[in-house]
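K.L.:
For the protein sequence lines, the chains are A and B, in the order given. Using this note's numbering, you'd call the opening residue of the first sequence number 1 and step up by one each time. Using this note's numbering, you'd call the opening residue of the second sequence number 1 and step up by one each time.
Be careful, since some hints might not be right.
[As the list claims (entries may be wrong)] With a straight-line cut-off of 25 Å between C-alpha atoms, the simulated PhoX-like cross-links for lysine-lysine are: (1) K111/A - K87/B; (2) K82/B - K70/A; (3) K193/A - K183/A; (4) K70/A - K193/A; (5) K80/B - K199/A; (6) K132/A - K183/A; (7) K87/B - K199/A; (8) K111/A - K82/B; (9) K318/A - K70/A; (10) K80/B - K111/A; (11) K70/A - K87/B; (12) K80/B - K107/B.
[Said to hold, decoys possible] Beta-carbon label-pair distances, calculated as ranges: (13) A89/B - P311/A: 34 to 42 Å; (14) R121/A - P94/B: 26 to 34 Å; (15) E118/A - P94/B: 41 to 49 Å; (16) N63/B - S92/A: 32 to 40 Å.
[Unchecked claim] Here are some chain A residues pointing at chain B (derived, C-beta under 7 Å): (17) C46; (18) C47; (19) S48; (20) S113; (21) R148; (22) A150; (23) A157.
Keep in mind that the hints were calculated from the coordinates and are not lab data. The beta-carbon is built from N, C-alpha and C at its ideal position, and this holds for glycine as well.
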Amino acid sequence: MVEAVTLMHRARLIFQDGAERSVEVEAGQTVLEGALAVDLPVRYDCCSGSCGSCVVQCLDGQTVVDLTGKVPVNADELMAGLRPACLTRLNSDASFELPYSLGSAASAPSKHSAQIMELRRGAPSVALLTLKLDRAEDFVFQSGQYIRLAAPGVGEARAYSIASTTRELPLIELMIRLVPDGKMSRWLQEVAKVGDRVKLQAPLGAFGLDDRARRHVFIAGGTGLAPVLSMIRSLRGRGQPALLCFGCTRRQELFYELELAALVAEMPELEVRIAVMEGADGDLRAGTAVSLLQKEDFDAETVCYLCGPPPMVDAARKALTSHGVASQAIRAERFQPGG
Amino acid sequence: MIPVSRRLQLCEAGNVAPGGMLRVQPEGHDPILVCNVGGKIYAVDDECTHAIASLSEGRLQGNIVFCPMHGGSFDVCSGKAKSLPCKQALRTWPIEIADGKVYLLLKN
Ligand SMILES: Cc1cc2nc3c(=O)[nH]c(=O)nc-3n(C[C@H](O)[C@H](O)[C@H](O)COP(=O)(O)OP(=O)(O)OC[C@H]3O[C@@H](n4cnc5c(N)ncnc54)[C@H](O)[C@@H]3O)c2cc1C
Ligand code: FES
Ligand code: FES
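Please model the entire structure based on the sequences and the hints provided.
P.N.:
Pasting the structure below:
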């Protein structure tokens, strides 16, 4: 008799609110496909390894990650058990922790139309864009999430994190670094004006606050400030201590200083440290956002949030690990080009 | 039979060779993707149902169109989503070919 070969494994998914679901993952299927086959509201976007929306923490089990194309986590993160669900298959039953609640109020992603209400420069290479959604009645997002913006005449849509909170809806504030020869960057510089209409898909992504933390440390590089600013703004009134370490390359590229000072005045529980790599003076320190961290900034109830270009996120994770911060206490969002 | 109240000219049938596709934007209408699958013409929405991308910039392989943005795919004959991240079906449109021209049939 031929022995039955198990072609199917189970994935136990544990959400941030403690809710658990077990799904079947067939041989060849990804964990994400298994979860979507039973319509679980798991977060995903690109299914091609670039956005990072589907990253989960593996607790146990044997997994196989497809490393042939783009992968939204680095080698250290893979070692620490982070797994992109869209690229992960199972060789045994396995358990995963998801960084959001099953009962999350965030809407499922859908398409929206909006109008440009404001477009100004925070610095020569940073555009601050405010959009007004035509219909925001049923739109709920979680601070940390992003939108995909499509502009008329720009063939490809681009991901941008929301800097504002649900309180400001139907307005959505974005912080966009203008990159040389960038398609969306060029549109923002040369074509876009107040009153223009745009399309967007939202809300997307799984970056967000860990409700179980008592203290929050945010590390942002450049426009990586956007999602962490939304999270910090959403902490208003909770009284939980928060530290923001914000870094920009040059003094001239620094933006949002006055707004951050105003936020600190409003939130005494918030500390802001700012660094620039070139041209530091006054209260500005010389170095990167990561260099602003000290060992005393962390305790067992601290969760750290990293956001910015991939190399900055990689460096920040290394620094946190050397300060003894556990992998489970680190959340990251990478501004991968073309996500 | 469903009464057809209007037809919109999309293109010349000869403009879309077998295996080819063409994006047409009829006035006052969302862009349409005209596909030629082995000599038979199909019309579907051009915008991917996943996010915001023009399928005309992707690739047609047999009856499957692959999105240029994240590589999700649809069957252009049925509109059915065939691979993630596409889940929602693509809208298919009835067409008519008359005098060598492809028309989109709109019902009221
Ligand atoms: C989940 C997610 C959230 C994001 N949120 C934000 C956000 O809030 N703010 C923000 O500014 N960006 C954000 N990004 C990045 C953004 O989506 C675009 O990649 C970026 O704006 C470039 O788009 P573009 O069309 O102007 O340039 P493209 O036409 O895509 O790129 C032009 C050239 O510039 C290079 N390039 C792209 N980005 C950079 C960069 N940062 N530095 C140097 N070179 C670059 C490209 O590799 C390419 O060679 C996010 C990305 C992801 C995946
Ligand atoms: S959905 Fe997995 S990386 Fe985007
Ligand atoms: S936009 Fe088509 S697959 Fe994502």
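K.L.:
Against which earlier hints does the structure fall short, listed by number upward?
P.N.:
The structure conflicts with hints 4, 14 and 20, although it agrees with all the remaining ones.
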